[in-house]
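Taken in sequence, the protein lines are chains F and D.
Position 21 (the first sequence) corresponds to 21 in our numbering; numbering is contiguous.
Position 64 (the second sequence) corresponds to 64 in our numbering; numbering is contiguous.
Each hint should be verified, as a subset may be incorrect.
Listed next, the in silico BS3-like pairs over lysine-lysine satisfying Cα-Cα at most 30 Å (straight line) [said to hold, decoys possible]: (1) F:K67 - F:K36; (2) D:K69 - F:K70; (3) F:K36 - D:K65.
If you anchor each label on the Cβ, the simulated ranges turn out as follows [what the hints assert, rightly or not]: (4) F:T25 - D:G40: 31 to 41 Å; (5) D:T13 - F:D78: 22 to 32 Å; (6) D:R112 - F:E14: 21 to 31 Å; (7) F:D58 - D:P109: 16 to 26 Å; (8) F:M53 - D:Y10: 34 to 44 Å; (9) D:N51 - F:Q44: 23 to 33 Å; (10) F:I110 - D:K18: 10 to 20 Å; (11) D:L88 - F:E14: 21 to 31 Å; (12) D:E62 - F:R60: 39 to 49 Å; (13) F:L8 - D:P83: 19 to 29 Å.
It should be emphasised that the hints constitute simulated quantities derived from the structure, not laboratory data.
Ideal Cβ placement from N, Cα and C applies to all residues, glycine included.
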Amino acid sequence: GEDVEQSLFLSVREGDSSVINCTYTDSSSTYLYWYKQEPGAGLQLLTYIFSNMDMKQDQRLTVLLNKKDKHLSLRIADTQTGDSAIYFCAETLSGNTPLVFGKGTRLSVIA
Amino acid sequence: EAQVTQNPRYLITVTGKKLTVTCSQNMNHEYMSWYRQDPGLGLRQIYYSMNVEVTDKGDVPEGYKVSRKEKRNFPLILESPSPNQTSLYFCASSLGLLGRGEETQYFGPGTRLLVL
Chain F
1 GEDVEQSLFL SVREGDSSVI NCTYTDSSST YLYWYKQEPG AGLQLLTYIF SNMDMKQDQR
61 LTVLLNKKDK HLSLRIADTQ TGDSAIYFCA ETLSGNTPLV FGKGTRLSVI A
Chain D
1 EAQVTQNPRY LITVTGKKLT VTCSQNMNHE YMSWYRQDPG LGLRQIYYSM NVEVTDKGDV
61 PEGYKVSRKE KRNFPLILES PSPNQTSLYF CASSLGLLGR GEETQYFGPG TRLLVL
């Protein structure tokens, strides 16, 4: 079965870059997503990448995909205190299956 | 404003007392889903619905029921709640199943349930 793994915690200093990693097990995943959950709120889609891409950049966010190793990462440049949240990696296997989420990485930004 | 609403936001109840958590979306989305979020376990899908009168089990459906009589509403029903159903529940919707990256899934604000 499919499984998405993430480390549970990450702590960085304000202004540094954050890198949140995710591994998945199903090589047939089509889209991979990063969601952000701020305290007391629901999940918000940050970005996604299609499986035939290696990289996607969107302002301070860079997503890297290593399909051979089934490894996905989210890099946040110039991390701010407002970036403190839980970040979820998620995959969908095909057009007819629901999302599978990782357990989430809690990012703490130290001022 | 496009949104997913859930009610109630907070609920304390006792074991065995039936309850319903409502979910409504105003985006004419076909796909709706319920998740529960527990510390260390992330999000786990309870049930999902691909359209009116079409529902299917997710990863953790035991103890829950859903219905989809109208496109906009997808209530979650706990017929006989137990303490292990104490959790944070999220409803979500999207235009279709997520095989296309641009179809984002919108999440509700969450319902925090405590079963005593």
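Kindly confirm whether 22 to 32 Å is satisfied by the beta carbon distance between T13 (chain D) and D78 (chain F). 45 Å, violated
Take the C-alpha atoms of K69 (chain D) and K70 (chain F), compute the straight-line distance between them, and say whether it is at most 30 Å. Answer violated: K69 (chain D) to K70 (chain F) is near 39 Å, above 30 Å.
Does K36 (chain F) pair with K65 (chain D) here, judged by a C-alpha cut-off of 30 Å? Holds: K36 (chain F) and K65 (chain D) sit about 28 Å apart, inside 30 Å.
Quick one: are D58 (chain F) and P109 (chain D) within 16 to 26 Å, going by C-beta? Since D58 (chain F) and P109 (chain D) have Cβ atoms about 25 Å apart, the given range 16 to 26 Å holds.
Is 19 to 29 Å right for how far apart the beta carbons of L8 (chain F) and P83 (chain D) are? The hinted range 19 to 29 Å holds for L8 (chain F) and P83 (chain D), with Cβ atoms some 24 Å apart.
Satisfaction of hint between K36 (chain F) and K67 (chain F), Cα-Cα up to 30 Å: Since the Cα atoms of K67 (chain F) and K36 (chain F) sit roughly 23 Å apart, the hinted pair holds (cutoff 30 Å).
Quick check: does the Cβ-Cβ distance between M53 (chain F) and Y10 (chain D) fall within 34 to 44 Å? 41 Å, holds
Between I110 (chain F) and K18 (chain D), does the beta-carbon spacing fit 10 to 20 Å? Check failed, 46 Å falls outside 10 to 20 Å.
Is 31 to 41 Å respected by the C-beta to C-beta distance linking T25 (chain F) and G40 (chain D)? At roughly 19 Å between Cβ atoms, G40 (chain D) and T25 (chain F) fall outside 31 to 41 Å, so the hint is violated.
In this structure, is the beta-carbon distance linking L88 (chain D) and E14 (chain F) contained in 21 to 31 Å? Once the Cβ atoms are compared, 28 Å apart, the range 21 to 31 Å for E14 (chain F) and L88 (chain D) holds.
Hint says 39 to 49 Å; check whether the CB-CB distance for E62 (chain D) and R60 (chain F) agrees. 41 Å, holds
N51 (chain D) versus Q44 (chain F) beta-carbon gap, inside 23 to 33 Å or not: With a Cβ separation near 25 Å, N51 (chain D) and Q44 (chain F) satisfy 23 to 33 Å, so the hint holds.
Consistency with the previously given hints fails for numbers 2, 4, 5, 10, ordered from lowest to highest.
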